[in-house]
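Student: Read off the chains here:
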Amino acid sequence: MFRIIVSLSLILLIVSCAVTEKHVTHDNIIKDRGNYKYAAWQPDASTGFEAINVLLDEVDMLIINQDYNAGADKLERVLRIKPNYAPAWSRLSWLALQMNSPERSVQMAKRSNSFAYSDPQLQLLNWSFIRDASKILRDEESYYRATQKLESLKAF
Amino acid sequence: MPSSKKKTAPNKKTTAKSTRLKAGASKKRKAKKRSTGKRLKPRRSSVRKKAFFKPSLIISLLSLCLIFFLVYLFILDQRISQRFEGRIWQLPAHVYARPLELFVGKSISLKQLKFELEYLNYQKVEQLPQQPAQYRYWENAFEIKTRNFTFWDGNEPAHTIRVTIENNAVTQLIDIYTGQNNDLVRFDAGYLTGIFPAHSQDRVLLRLDDVPDMFIKMLLLIEDRRFFSHWGVDPRAIARAMMVNFYAGQTVQGGSTLTQQLVKNLFLSQDKKLIRKINEALMSLLLEFHYDKKLILETYLNEIYLGQDGRRAIHGFGLASEFYFGKDLKELSIDEMAILVGMVKGASYYNPKRNPENAKQRRDLVLNTMQALGLLTVRQSAKLSNKPVVTAKHAKSGLYPAFIDVVKLQLQQDYQAEDLSSEGLRVFTTLDPYIQFETEQAIKNTLPMLANNKTLQAAAVVVSPLNGDVLAVVGDRNPTFKGFNRALNAQRPIGSLIKPIVYLSALERQSDYTLATILDDSEFIVTQANQPDWQPQNYDKETRGDVTLYEALLNSYNIPAARTGLDVGLDKVVKTLGVLGADQQIAAYPSLALGAVNMSPIAVVGIYQSLSANGFHSPLRSVFAVLDKNKKPLERYSLEVKSGVKPEAVTLINSALIDVTKYGTAKQLSKNLTIQVAGKTGTSDDFRDSWFAGFSADIVAVVWTGYDDNRPTSLTGSSGAMKIWQNMVKEIAYKPYQLPQSPHLSKHWIDGKNGLLTEKNCKSAVELLFVDGSQPVQKSDCVAGKKSGWFFGLFD
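Here the protein sequences line up with chains A and B, keeping their order. Letter 40 of the first sequence, counting from 1, is numbered 40 in this note's numbering, and no numbers are missing. Letter 738 of the second sequence, counting from 1, is numbered 738 in this note's numbering, and no numbers are missing.
Just so you know, these hints were derived from the structure itself, not from any lab. Here the structure is a predicted model, which means the values were calculated and not measured. Check before you lean on any hint, since a few could be wrong.
[What the hints assert, rightly or not] Cut-off 30 Å, straight-line C-alpha distance, at most; resulting in silico cross-link-like pairs (DSS-like, lysine-lysine): (1) Lys82/A with Lys730/B; (2) Lys747/B with Lys330/B; (3) Lys82/A with Lys360/B; (4) Lys149/A with Lys747/B.
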């Protein structure tokens, strides 16, 4: 009898994991700090500036060491090199979430989206930040809009 | 009482007699006293005389003196310990410019890089730079050794690099020693000024460990050879000085120890009274009794007065090294150290900037003394003595009063004024020295061409479109004038600079307004309760019937702008201004739509920054970060953005503002600039104010010209402020403004006469940007009016 209960429990657990929609939340980003980077942030050859890659490597080190302020400073240096570099704005949005600044996170994600018109993957990520930040802010309208946007982008 | 009466009576009678008689009477009285046997008084007197010399009295008096002396010593001691155990100095805040960063692809001209190196007091050399802060260049290549520098986000080590610049961009950045590419190099931040306490003393604190051994040896050799063996006062040195001075017949040598010099500078006046010398000696002994020699030496190194820079007094070898040679003390060569040590004798007479010949003689004396004591070889000494006295080219402090006003305004939100001038803060600002220089030059060189008087004033503010960083501020036609700062405090009507905001408010209503919307350019009167009627007029007093919104903005027509403002609602215009960054109370009168609102140039630049960033407003920022005196971060001002307008609507406005600089009121710009910019002219009533606000991809700038007494200038926005703007932007902007790409916007050909769709070859066709779905559906009958005849017909 005990074996049956244990087996059923395991099956239930596996099934529930499989059907649960996997989405990035504030909490699991923090838990997964060692491997926090999103594919949408990966620098591509189009940045045109090797300096950006150097700074982003430094940002990674700082974030792993939880020095978020210094990480944000480095990202600002990236933006001074290339103001329309959407992944850097997106990282600032993520950092703002880590630093409990949801309003700032929303604005940075919007700014990132304003440069990411041809990058649906990054837009998706930014909208997920907006949704998470809106949840923290208890801004239902914004949360609903972000969720809808995420759905439409996923469909796209 | 009766006896006294007897005595006074004869006196009254003898008042007219001679003094000789008085003397006679006196002798008689004395004789009488003796004869009456009254000998007590004389006896008492002799007893007193004897008592006066009694040892116990002497001891008492000496004890009293000793007590007084000890009390006095105690007071002196208190003075010393209060100063030494509290904060010895009030340290001014040191304000720095933004650091220059180089990387492959960085936009920078040869002219700018040369300027930056000179600004940072880098020394031009012929050979490969060996020391920090040296460079050489030929054609388009520079070899530079940068300085090590501590920023708010860590230390930047020195780099030795070769930089190649082609077409105003860095094309190669190599580490000279490894031959490898260097991806990113950050230069040290240039010193701007200090925020000083009342006494205007400035210093950079040194720790003894940071001072080169050679420097300490040199200083002690010249100033106090027995420093580590005396007790604060050196009797041998005093005796030697007395002998030398006696034979010379004048004061040629002092016998003061370093401790005495320190005591004199910290606690006493500079006069030469005996009491001051006694105090100096006593306090020196007390100081040595209480404190370690190393602490005394370190304090001396930081206290010593070494010259003047305007109002600023240069104290300590740390600051003197930076001020005279543009280097840290540990980076100085031996001959430069000798100059500083030589200055101790007379900071003014041996000042290497003002009196290089005197400084050289004194330096050579120091070097010879070192050689005589075996610290230098004869060859070394001769070689160093042959070197010329070279100092840092210019002192930069106090050059940017208008910008510093903006910095103080930001810092006052977090710091008290007293802390700013006493805690030794290191303030890293956003000032771009090159942009500041070119902005000042544009104003200085252009104003005389606009008016042949010296009272026409100007102000300018330049910020970064990305983040609202304030890059340059000029508040007077004389940029170094420390008075009324027009960039910050002049509140003037902004005129047509408001029109983009009025139309933006309209374009946000995408279903009602597009760039092709036809507006009514015919006269009308606004009647207001308890107010006189208001009738707007165009600049040329003409009316044109129907015009497109685009054309109205391009040519800055007043009547369509006023109608649009009233149609969308003045409250909406005020709200849009607020979202774009205007943080002042604005009254919603009808004339607001034509710019009857007073604003400062810095307020206007905040609004136009939002336009340049496609509606994302970044509050203006003049300070990145603040460090404490130990270089530990205290405050960091991070990038902020706020959005509140539809980005697509801003893109539409910006597309029209680009065309303003090509075909509209600012069309001269496209002829005189090599890059695409967007902007708007502004002129207030009766030509009292001339404005231009515009942006490229790398700068947003606003310029104002006018008179302080508000009299007419006879200048429009394009004939006045725009000329300054153009001369400035020609030098500081590298990147053309490009409209942001958006999947929701598309271009269509529109007939400018009726706002309907047309073909490219229609005579009055203009290509306008639309939010998808908002473009006109109806087609114009312009087909007949083709642009040209048979040639284009071939292609049709």
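Student: Verify the proposed pairing of Lys82/A with Lys360/B, using a straight-line Cα cut of 30 Å.
Tutor: Outside the cut-off at roughly 49 Å; violated.
Student: Run the distance test for Lys82/A versus Lys730/B: straight-line Cα separation, threshold 30 Å.
Tutor: holds, 22 Å
Student: Is Lys747/B within 30 Å of Lys330/B, Cα to Cα?
Tutor: violated, 62 Å
Student: Next pair to validate is Lys149/A with Lys747/B; report whether the Cα-Cα distance is within 30 Å.
Tutor: holds, 26 Å
In this structure, the earlier hints numbered 2 and 3 are contradicted, and the remaining ones agree with it.
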